[in-house]
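> Residue numbers (this note's numbering), protein chains in the order written: chain P, 1 to 355; chain A, 1001 to 1355; chain S, 2001 to 2355.
The set of hints was computed from the structure by calculation and includes no laboratory data.
Be aware that a few hints might be false.
FRET-style restraints, in silico, Cβ to Cβ [stated by the list, open to error]:
no. : chain 1 : residue 1 : chain 2 : residue 2 : range
1   : P       : Phe204    : S       : Asp2149   : 25 to 35 Å
2   : A       : Leu1065   : S       : Arg2352   : 24 to 34 Å
3   : S       : Gly2315   : P       : Phe204    : 46 to 56 Å
4   : S       : Gly2315   : P       : Glu353    : 40 to 50 Å
5   : S       : Thr2128   : A       : Val1203   : 32 to 42 Å
6   : S       : Asp2082   : A       : Thr1317   : 38 to 48 Å
Residues of chain S placed beyond 10 Å of chain P at every Cβ, according to the derived structure [unchecked claim]:
no. : residue
7   : Leu2018
8   : Ser2052
9   : Ala2059
10  : Pro2064
11  : Leu2065
12  : Glu2079
13  : Glu2086
14  : Leu2101
15  : Arg2114
16  : Arg2150
17  : Gly2160
18  : Phe2200
19  : Pro2213
20  : Pro2244
21  : Arg2301
No residue lacks a Cβ here, since even glycine has one placed at the ideal position from N, Cα and C.
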Amino acid sequence: MTDSPSSRTTPGGEGPRLLTAEAIARLVGGELRGDGGTRVSSVAPLDRAGASDLTFLAAARYAPLFATTRAAAALVSPEWADAPAEVRARIVVARPHEAMLRVLPELYVPSARRPGVHATSVIGRGVTLGRDVSVGAHVVIESGVALGDRVTIDAGCVVGEDARIGDDSHLYSNVSVYARARIGRRVRIHSGARIGSDGFGYVFQDGAHQKIPHVGRCVIGDDVEIGANTTIDRGSIDDTVIGPGTKIDNLVHVGHNVRIGALCLIMAQVGIAGSTYVEDGVILAGQVGLAGHLTVGKGARLGAQAGAFGDVPAGETWSGYPARPHKEALRAHAALFRLSGLMKTLERLIDRERQ
Amino acid sequence: MTDSPSSRTTPGGEGPRLLTAEAIARLVGGELRGDGGTRVSSVAPLDRAGASDLTFLAAARYAPLFATTRAAAALVSPEWADAPAEVRARIVVARPHEAMLRVLPELYVPSARRPGVHATSVIGRGVTLGRDVSVGAHVVIESGVALGDRVTIDAGCVVGEDARIGDDSHLYSNVSVYARARIGRRVRIHSGARIGSDGFGYVFQDGAHQKIPHVGRCVIGDDVEIGANTTIDRGSIDDTVIGPGTKIDNLVHVGHNVRIGALCLIMAQVGIAGSTYVEDGVILAGQVGLAGHLTVGKGARLGAQAGAFGDVPAGETWSGYPARPHKEALRAHAALFRLSGLMKTLERLIDRERQ
Amino acid sequence: MTDSPSSRTTPGGEGPRLLTAEAIARLVGGELRGDGGTRVSSVAPLDRAGASDLTFLAAARYAPLFATTRAAAALVSPEWADAPAEVRARIVVARPHEAMLRVLPELYVPSARRPGVHATSVIGRGVTLGRDVSVGAHVVIESGVALGDRVTIDAGCVVGEDARIGDDSHLYSNVSVYARARIGRRVRIHSGARIGSDGFGYVFQDGAHQKIPHVGRCVIGDDVEIGANTTIDRGSIDDTVIGPGTKIDNLVHVGHNVRIGALCLIMAQVGIAGSTYVEDGVILAGQVGLAGHLTVGKGARLGAQAGAFGDVPAGETWSGYPARPHKEALRAHAALFRLSGLMKTLERLIDRERQ
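Pulled out of the complex, with its shape left as it was, chain P reads as follows:
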């Protein structure tokens, strides 16, 4: 398991790109110290950087690693402008981490797409393929599907009958799209996500849970990203809808008929029960659960593991179980832990009152 530095320089890239320290300083609006001609081709944290790496130092607790880093160049905040280190160049900026985010797209150019349809893929009748689509090995595209221009379908995906996938969207490996799903443009769907599966709806009749047919669709807006192994059910009669620009993390569950607005952030392992409405700009932290048929108002936030059983007003931050305004929840938890230390005295008081 050798781990050559060069293997880190091209994350799916088209070959190493090089930037000089001078170019980086210009790019991030920083002040150059040292050899402006120093070249880097990749980035790495202080302790693992090597001779072709750019690194960064933003927090005091990592300062000890700076003295010994073997990086070629470093983005540092002003307090470390002159700290002793072996780096051949440093670029002094107010926010090294943000500066790094600006450097990344210059250094790491996405893989050149390889348009074409792999010989092992299986394409059904009446499938429409846009220009420059890339369909990987062992992909299955059922009949009636339409793929837009420059769509990328990685190996092992299955796209069900009559589904639509918009321009520039990318399905990573082993994704399943059920029949008739509508996926917008520039959507990224990570490995193992399931789009448009049957909703969980039954009516108890004649001694059994009778399945409710799901004839609605699953409609994913433009610029949505969907995490690995996330599941989004289609609607029963209405559609399940994810609004444009919304980002969904891994292992999230979205039930049938749910509507999620634009530009939401839904973190890992969130569960949203059927027919709930999440308005624009909502943030749901990890493992949040929303009961069915409720509304989370525009711009509201729910803290990690919160469980909401009623509407959450627009703009508010709620947390806890059952979810309450965050300050109330904090106060209640604080009260609980204080009280638990006072129980003896309290019970004495109460006993006396009862006598």
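Fit chains A and S to the given chain P structure using the hints.
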């Protein structure tokens, strides 16, 4: 991304079916108003219905949409029997939503199955295929597997050695079945579910977590439905068993040696630790967690996000963490929030008592 | 759906192995009673054992099943050394369950691996295959990947560009490995796990959530086991790292830049947010959530469903939401439920104090 109405009329169907308003009225026992010859071929909510759609109005908050719907026909409750609208026919019934569920199976006929074994599938030695099985593209069926009659295995599934799948069962795309699993009749397993994976069992010995062999099986009863990306481990020595008629939602985890009875409803993201016994007719709401080696009695219900660390008596409804009878849990939460507003006065009382 | 006993004797094995009761007694250091020549070829619980099975009895509540078991032989604790039963041989040991774990590997020999590369697999340019690798049907191995000796890749897996997989590792069916992941030796990755997917990182700019490039890697140590449908994101700049000997259950989420130490146990549906550090030997019970950028100290334990929003000290056991030392959490919950029964009296006291 055009979205022709016709694409909604045949969700995996065998082509559009048509029903007249008169036929619908007869089917649901409703009163026909307007043109009984009006034909519909699909259903849609009020705001998205078109000229070939049946829609429904059941709740006052959707009434404004009724006036402007472009649906051909509508199921409405008595209070909207005469409300102004453009629909050519309305069918008046007490419960329009339930009536709609009765119409759906008439309008949406499941796809005609296409029996046959796709040329790209890989079938191992000694595999037994029932009559009219349908095996999709890139499916892998390992040696010794037996599929019953009319079994459907969608694209990308992998069925491990010596597994059994009963008549009329359906595995959606990209499902994995581990070796020796037993799957009953009329079972539906959604995309990405993993059936019979190794249980999480280790013994710490010689400085490492030594794996306990899992030689039990995973046994799925008749008429079970299993959601997308759900995982059900096989047993260590005993079996993991899912009883007949039980329905399991997406992203659920069922640990090794768990026994789930008949006709349970297990909602999304529930986790059931090893060797726990869930009796018949239990309902576990979303994100519930059950610790290992406990029993949830017949017909019990656990509220969303409940965490049970001990047995739950038959027929009771419990909630919260740690789970308690639902009324107690509600009372405790109410008390907590009231108390947190009274802390100043309470602490004054306690201080005085202590002096 | 016949279920012949022989189908249970060879769970992926190389054919039935037989052990005599005498050999079993010797193996587990137990005392033989009855016919030492009795042969068994498989194990089963008391109520389902047949004429070729070894069973065991360790707990009084299963004793009634012992009298009627049809097993050939049984491991029993001393109190049942002479209990009436039909078994032809019994082996008396202090801990029958542990003894059983010692018997299993003798009886159930893992399948003989079948080295070779299946004709339907797709192997990219520049792929390095170690000795005796086994690559299953419909596997896709992208360019630049290196597989060590005796690596097993089951059907339907996709291994991304330049990934490395160490000697003797095993990917079960339908696993996805993203580009550049580093997987150690003797690693087992169960069906549907996603290794090295993009982390959930965005910066809000120009009215949209702009994606942060993820150029770090996902590095899995030796002897790690990863459960079905678990997702482990790669790092943004730094790496995501899972330490050697750590075992991860099903449906777990590990965020970007997380570092998990050696020999941890991470149970089902745990979620770990970005940049959190889980030190060696930590145990996280089911559905635990860890917020980002915190440290769980060496050997700490978190109870099921705990939600940690700050560091957890080494060696301690914490539980609840927000997580607290377990004893404090228990005391607080007990206080809460006692208080809720005393609210009337308490409010009377408080009212009087306020007057």
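> Taking each numbered hint in turn, which are not upheld by the structure, reported in ascending numerical order?
1, 2, 17, 18 and 19
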